[in-house]
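Engineer: Given next are the chains, with one letter for each unit.
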Amino acid sequence: MKGTHLGEFEELVLLIVAVLFDNAYGIAVQEEIAKRSGRKVTISTVHSALHRLDKKGYVTSRYGEATATRGGRRKLLFTVTPAGEGVLNQSRKLRNDLWDSIPELAFKF
Amino acid sequence: MSNHPTPPDWINRLLEAICDPKRLEGIQGDLAELYDQRLAEKGKRRANWAYFFDALGFLRPFAWKKPNTSTLNHLYMFRNYLKVGLRNLNKHRGYTFINMLGLVISFTCCLLIGLHLQDELSFDRYHEKQDRLFRLANHSAGASYENGIAKVSEPWAPEAKATIPEIEDACRFVFVGQSLFTKGDQQYYEHGGLYTDPSVFNMFSWDLLEGDPNQVLAEPNSIVLTKTLAQKYFPSGNALGESLTIDNEQAWKVTGIVEDIPDNSHFTFNFLVSLNSYTPPDQGDKWVRWNQYYSYVLLDQKESKIEAEEKLDQMLDQHLEAETAAAYTPFLQPIASIHLQSKLHREMSTNGDLSYIYIFGIIGLFILLIASSNFVNLSTARATHRAKEVGVRKVIGANRKSLIFQFLSESTIVVATAAVIAFGLARLLLPSLNTFLNKTLQLDLFSNPTLLLGLLGMVVFTGFLAGTYPALVLSSFRPIQVLKGSGGKALAFFKRGAVVNRGQLLRKGLVVFQFMIATFLIIASLVVSGQLKYINNKNLGFNKDQIINIPLSYPIDQTKLSTFQADLEEMPGILNVSASANRPGGSDYGVPYEALGLSEEEQPAMRCLVVDENFLDTYEIKLASGRSFSKEIATDSNVYLINETAAKQLGWDNPVGERMSMPAVGREPAPIIGIVKDFHFHSLHEPITPLYFFMEKTWYSQLNVKLDASRINETLETIEARWDQFDADLPFRYTFFDRSFGALHAAERRTGRMISILTLLAIFITALGLFGLTTYTAEKRTKEMGIRKVFGANWVDILSLFSKEILILVGIGVILATPIAWLVSSNWLDNFAYNIGLGIGFFLLAALLALGIALLTVSYHALDSARRSPVISIRHEV
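One line per chain: the protein sequences are W and D, in this order. Heads up, the first sequence is in the numbering used here, so the first residue is 1 and it goes up one at a time. Heads up, the second sequence is in the numbering used here, so the first residue is 1001 and it goes up one at a time.
Derived by calculation from the structure, the hints in this document are not laboratory data. The beta-carbon is built from N, C-alpha and C at its ideal position, and this holds for glycine as well. Fair warning: there could be bad hints in the mix.
Claimed, not checked - Cβ-Cβ distance ranges computed for the label pairs, FRET-style:
1) D:W1049 to W:R92: 53 to 63 Å
2) W:Y63 to D:K1401: 37 to 47 Å
3) W:T4 to D:K1022: 16 to 26 Å
4) D:T1468 to W:E65: 44 to 54 Å
5) D:K1022 to W:E65: 15 to 25 Å
6) D:I1018 to W:T4: 45 to 55 Å
7) D:E1016 to W:R92: 38 to 48 Å
As the list claims (entries may be wrong) - Quick list of in silico lysine-lysine cross-link-like pairs, DSS-like style, CA-CA up to 27 Å:
8) W:K55 to D:K1305
9) D:K1065 to W:K56
10) D:K1648 to D:K1538
11) D:K1129 to D:K1305
12) D:K1065 to W:K55
13) D:K1302 to D:K1129
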């Protein structure tokens, strides 16, 4: 197994999976990314990131109900795992700690 | 819904082929959703393009199908493969034997050839400083030897070391000649001695066991013995500091013992003596005369070769007359290149030849390829027999990969077994090869990692090459078609199936290829043996048979010699006796001459033979005009004979009566009294060059005795009995002239024989493969032949049925081989100044042989099926 390091884009995708909660599948994640950050990414990039998160154990996947709009195909839905939550918290804590340690003078330009 | 546009189908199929089935639905769903969105927004065309690019993004490893994590027990399966493979080999013993035999022969050949080549390529590479060691040689414009001469005169090397900064060290060698060693009552002739400089052990990495490497040869009359020689004279082991008497003259002090010189050296010696005890004869200008010094230099780095050569040239400009200096081009040869690439005049020993290295390498590869082709041919031809096995395995769950693995491991087992047998066989044959090549090769895998790797590489290469195609063919069978119905039907499938057609094409191609190589080798060996026969039988212009050469000691007691000569002449078994300084095929003095009244251009480089009055009669050399040397005429001690080539090239209209002189050795101008017919006094590689004869009693070093063929042994005994009265200090020794002269072509003769043997083996393996193949065809067509016989076919029809196709294939092979063989052979023949020329006869004979061998091979089975009763044939089930 490769490392468990969380990349910047992976973190973004993981957060969005959490945001979308019960409806986190490829297109939805792609649209949410575009909406929230203005980044245009291809669908395969999203899938690739989700796959990596899956391999690292931060998300799990399951197939949802069949839909008519997708040529009868089911959606592959993703949910954040406890490990995913853990890594998000860790990352958030790191940031908070860092923000707290920045001396006031640092941003006085 | 029916009119609703859908994404291009082929892209979906592509995704299905590539993507992991677990993710496929999600991927395709997402793509479809996007497609519908875009369809609504931008129209069908743009949506299609976008779909295409989106799909392209999924052609990435994360989305690929994951390899089937097989649950097979590999070890167990391998045991099964082994068992089935061995059973199969055992069942078809004939094929196994043919395959094995071919492989064993080819591996043995390759091993031995490889060993030989490895040895040839290793020459002189054991010196630590070999990349900086060079031999100093000289090329002289207008000399009769076009490549240059391997030795130079005395002062070159020391002067170069003193004045050229790039040259760190220098060392010279001069042949000692045979010497009589005396130690107590032990007395033997020893040869292979060299005078040399004290720097020798600094430059060359010979292992000095005892003695100080910097000092061993510094004192005059010092001698360094090889271990073998030291043990011979000092069996007690304390040789150092002892002394030996050489040539009944002087005591030489043993100052060092050196390990025996490795065989892979371009020169070798049994003892070294200090060069400062050597006095060259005084012949005038030391810089030009007496080119007897093999000179080696050690450069500061190998890149300075060109600079050093330039400076050597400048050095000669300083010390030589302008004219001579302009004609001379000194050059440096890397020591490791000498054995295979140097073809200079007066090499230290017979060198190898790089082209022979290529020839043997290529033949080895050819033989390997022929044997591999057999393997491929027989395995694919017999694929049908194993179709059912493949089918059953597939049904039980074998995938293609494991089948390929099975067949590859099977072929590797066969090849590896063959390699083991070949190794044993090579060890058995090695002693005879060593005798033949006059080498001491050893086949020891553990001390020779290159060879071990080579053998392993050969096994893997052949196993893979020979196993891949059958493995691919066999593993591609479809289980249902193979298993449905009887074996006969399965066979019918193979006959029609594209796979088998492809297999047949390959088989035909390989047969063509094999016969192409075989024909090529046949032509090559015909040409080589033809040329060798030509050399042996060519009229040399003199008679080389029944002459013995007896070496004489130096200096010669003239009165004793003439008494001895007179005694010999009276012996009944002796036809003629002549004393001379040299002889045809031996060394020839490069003493310069002057032809009076001729300009420089009209005087070609000439070699000379220093002889007596009987020499021409002894060797039966014919006179063209004028007269020969005569005992009755006193002034004949200073007259000359020349050969026809010299007469043509010298600028005189009528050379007889003209005068020439040899100022370098103090001979006054004297007339040319006759012209001898041209004869080959050198190997047939060289054209006949200008030559002159003169008499110089003090130079004589050998007797040439022409014997009566009917009583050679008795005569030799009588001569020996008389010898002690003539020279008691020197043991009686002789060599047969035809043998030493024949040694000039020893390399060709050896190569010729090796090529013939290898060709025979190659033909044998080829025929073996063809035999196996026809066995298979004959078996398959048994029924057909039976039916044909019922309808009235006789044996001629059946034979032509079998052989027609094969003969066409062989014919194509022959046609393809001809131009290549022509090119290679004519190239080789160009090495000889006198050669047979490439007649069409060789090619016709080779073609006839190839076709004949093919026909003979095929006809065994053809006639066998023709003879068999149709009743039995028709009942035959495959």
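Engineer: Could you work out which earlier hints the structure fails to respect and list their numbers in ascending sequence?
Structural biologist: 1, 2, 6, 8
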